[in-house]
Amino acid sequence: MYVCITIQGSFNVAYTTVSLLVRIISQTKWSNAKELMDIVRAEGKKLMSSQPSESAIGNMVRRVLKIIREEYASGLKGKSEEGDPQESLRNKLLTAEGNIDDFTRSVKDLKATVIEAMTELKTEIETSVDNIATQALEHIHSNEVIMTAGKSKTVEAFLKDAARYKRKFQVIVVECAPFYHGQELAVSLAKAGIETTVINDSAVFAIMSRVNKVIMGTHTVMANGGLKAISGSHAIALAAKHYSVPIVVCAPAFKLSPEFLCSNDQDAFNKFESPEDVMRFSEGKILSKVQIYNPVFDYVPPELVTLYIFNIGGTAPSYVYRLLSEFYHPDDHVL
Amino acid sequence: MAPKGKSGGANSDLKQEDILQAVVFADSFVSTFAPVSDDIPRALFPVANSALLDYALEFLCSGGVQEIFVVCCHLAGQVREHLKNSRWNDKSSPCNVVPVVTEGCLSMGDALRDIDAKSLIRSDFVLIYGDVVSNIKLQPIIDEHKNRREKDKSAIMTMVFREVPPGHATRCPQDDIVLAVDNETQNVIHYQRIADSDTKHLQFPVEVIMEHKDVQIRYDLLDANISICSPQVPQLFTDNFDYETRDSFVKGILINEEIMGNTIKMCVVKDAYAARVSSLQMYDAVSQDILNRWTYPFVPDGCHRHNKDNFSYGRHNIYLSKNVTLARDCMLVENVMLGRESAVGSKTTISHSVIGKNCKIGNNVVIKGSYLWNDVTVEDNCVIETSLLCNNVTVYSGVKLSPGCVLSSKVCVGPSIELKSGTVVVHSQEDDFGEGTMDATDGGCDAMFGSKGKAFLYKDTSGDDSDVEEVTRQVWGITIETESSSDEDSECSEGSESPPDSLQPDVPVYYTEMLDTVQRSKDENISCENLILEINSLKHAYNISIKELTGLVVKVLLDQPFSENPSLSGAQALKVLTDSLKRHLMVLKNYIKNEESQRQCLEAIEDFASASSAHLQLVTKVIHFLYEADVLLEQTILKWYRQVPSNRNRGNNSDDEDLEDRDNKHAEVRKQVAPLIKWLEEADEESSEED
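Keeping their order, the protein sequence lines are chains G and R.
Going letter by letter, the first sequence gives residues 1 to 335 in this note's numbering.
Going letter by letter, the second sequence gives residues 336 to 1026 in this note's numbering.
Keep in mind that the hints were calculated from the coordinates and are not lab data.
This one's a predicted model, so the numbers in the text were calculated from it and none came from an experiment.
Hints are supplied without guarantee of correctness; some may be wrong.
Only part of the chain G face toward chain R is listed, based on derived beta-carbon distances under 10 Å [to be verified]:
(1) F272
(2) I292
(3) Y319
Here are the in silico distance ranges between beta carbons for each label pair [claimed, not checked]:
(4) M783/R to P295/G: 42 to 52 Å
(5) V603/R to P330/G: 49 to 59 Å
(6) E579/R to S282/G: 30 to 40 Å
(7) V603/R to D38/G: 44 to 54 Å
Cβ atoms here follow ideal geometry from the backbone N, Cα and C, with glycine treated the same way.
Construct the complete structure from the given sequences, taking the supplied hints into account.
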């Protein structure tokens, strides 16, 4: 459970969390679904406390809990609880009512089915980036100017996939000081034969007027459809709003979190790293006289986002709540 | 249970025997932190509410170290207990932490010899002290070390430094180092701790420059004492029992580089944090650096906390634990940390401070730049500035602690008193006869600590002088300086003056010493050769330059008969003096050779003559005697005579009046010598006529 110290990136975190939970489920002793859920919940809490800013861990724990619920219900009734999403609300309520309280009954092959479903989940995580990338041609058109910020694996794959089909477009990369991940992305894109320009963070507004589309990655998609993305994103989103440039956010489904931004004090949900990147430690005496902050994230409100591209397709921010109820059980929102 | 991370996993699968080990010294073997460290080992000091040792272990663990030996000496039981209750003892712990109790070790060398005797080290290992706080990424440095070792077996150690320019707050004068590095090979050629040399001058061996083409000399490095060592290092400690510390080891290796062929490499880290809590000043600096998040990810709200204290991080670097009670109108300004279940009263202002668990702070209190450990009570209307309050301290109402106070555990002070800057207070004290300890609870404590006070002024029992002032300066010293710049200036000027001061007194001491020697040589009839030897050895012992020496020798030889018998005068004096000079002629000839030394001899005679009128009468005879004995040459005497006395004033710190006085005396001397000079000139003319 000390993985998070060494594992970087939401994708790795999500994948490792599921792998770990598979091991826990297969190796610990439990007799029924309730016990299993308690175990998963307890381990999940530990994992989350070890890295509070990685929401992907909590998301995956909730997904696994949902899987256990579903498999339990289907094992019990011999049919899937999930059914078809178009199912009537009344019907759904009725079926849900039957098995919400009692998870203590033993179900045959619960372990096997749960692990099988989790393997599917792992496959989903693995293929999520590809699934998003394949939608690229629908969003990137010929001779468009696209702006992106920082370095997101998903966006990188998305853009490269469009370039693979010989679509001509230009990319402007915001470097995102002080981490300068944008520069890495620009190098990678240029190598793939995409016409790339790097700009500094302060030039965003000046350049925005000639941009056709902003395509960004994110760290987390919040429950209200807002974003927890790399710092500087909010400024880009506001500039895009000013010029009515659509903002497209590429995010794998495991980044979808049932968390809300509780207060306007961003410090609570933000992550502050060492000030080293902002001002060098060797600057000397002045350091004891100044406060240096190096926040990693920015909150972008949902009204600034035009479209989400999940691995399951494009979604408007206002529809995120629906996906949430599809992925997570309401009882699991608070672990 | 821990899944394989990026680090370690793959390596250990390939080579099972090649796990990375580390040795941590949970003891510093020095008493910089006395009296605080008397009942709690330094490694367990809470720094930002977490034991210092845990930072070191976290740092090693994140660097992929899988087995850590924690060497415990001083208060070993506490360290073991801590490790037992920590997450390092969990089954899920990512690395194996083994406490190694080596009681009776007095130095790091002893401890390493013990490690070697137990043959715990199997491969390259990391060697650090338990008071290191760092977030350096060890993996690349270790890899580099191993790669280098594969090519060159002699590179036995890599020292890791952090680039910190002079004047930085996280730099402590005691730890200042200068080192010379060969640019080509990155070999450390010279390593020197500045605090060790008592002067402001640094001496470099010439070989440093002569034998290496491309050398860089660096003063901008902070030595956090992190080193990657090969398994030979403990063996070398065993072979050389005189290696006590890492410094002496490094010195030994560098000196024997030619013979043994072992080299030490260096690695300078520019973008990560590393520091050692080596003094209270560094304790302060490191704590503030942690609050400022330089040590990320090892910050109070970071993932490494497993002590059930989840700190939440807020604006202005405010860290709050769970169940903290804050009055509505209290002010937490910036860089503040409050531990579990602490309470802060109304209208209280706290800034740049760390408050431990279960502390109660009253109303109208001002706490600035201070460190309160666990279970501290501060009553209303107190002012606490730049002080350290250890566990279970009680400060009654209305107490003012000036910067630099240290209250060690269980101390109670107040009410309504003021402790002056740099006071170190302890709870119990060894009484003056060294028979058992007096406890403050028995009463009989100093009145200066208030009516409810249970405290004693700390006296350093280990040192020979119990000068409290000095001790406190050692403890907090420079932190007080950084607080107010005026203080700093005065300290600085003091510092720059002191080295010449320390040299100056040697001359009079040397003079009396030599006088004694000459006296003894006369009494015991020691031969001149031996006397010369003794004088030479004295010269080395007191660091006297050869220039000064000549004058001193002459002065001593002239003064000696008079110091023996002060009432000597007239013809008797002359007889004794010439006897003495005759006896010591060889000594004089040994030192007086060239013109320069002759001139010094004459000056010494002049000084001697101006001391009293009795001496004045002797001066002609003395010079004549020396001329006859071929010690002084004619030209030199004449030259000296013609010289204007004030010209050769050596810039001594005498006033004008003094100078005038001396000039007068010198004129008198010249008057006295005039007949001799005349005779000399005539003799000169005669001889030239003869030619």
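Tested hints:
Annotation: interface hint on F272/G holds; nearest CB of chain R at approximately 6 Å, less than 10 Å. For I292/G, the shortest C-beta to C-beta distance to chain R is roughly 7 Å, which falls under 10 Å, so the interface hint holds. The criterion of a C-beta within 10 Å of any C-beta in chain R is not met by Y319/G, whose closest approach is roughly 33 Å, and the hint is violated. Under the hint 42 to 52 Å, the C-beta atoms of M783/R and P295/G, about 48 Å apart, fit the expected range.
For the pair V603/R and P330/G, the supplied restraint of 49 to 59 Å holds, since their beta-carbon distance comes to about 55 Å. Here the CB-CB span from E579/R to S282/G is close to 32 Å, well matched to the stated 30 to 40 Å. Against the hinted window of 44 to 54 Å, the Cβ-Cβ separation of V603/R and D38/G comes to about 51 Å, which satisfies the hint.
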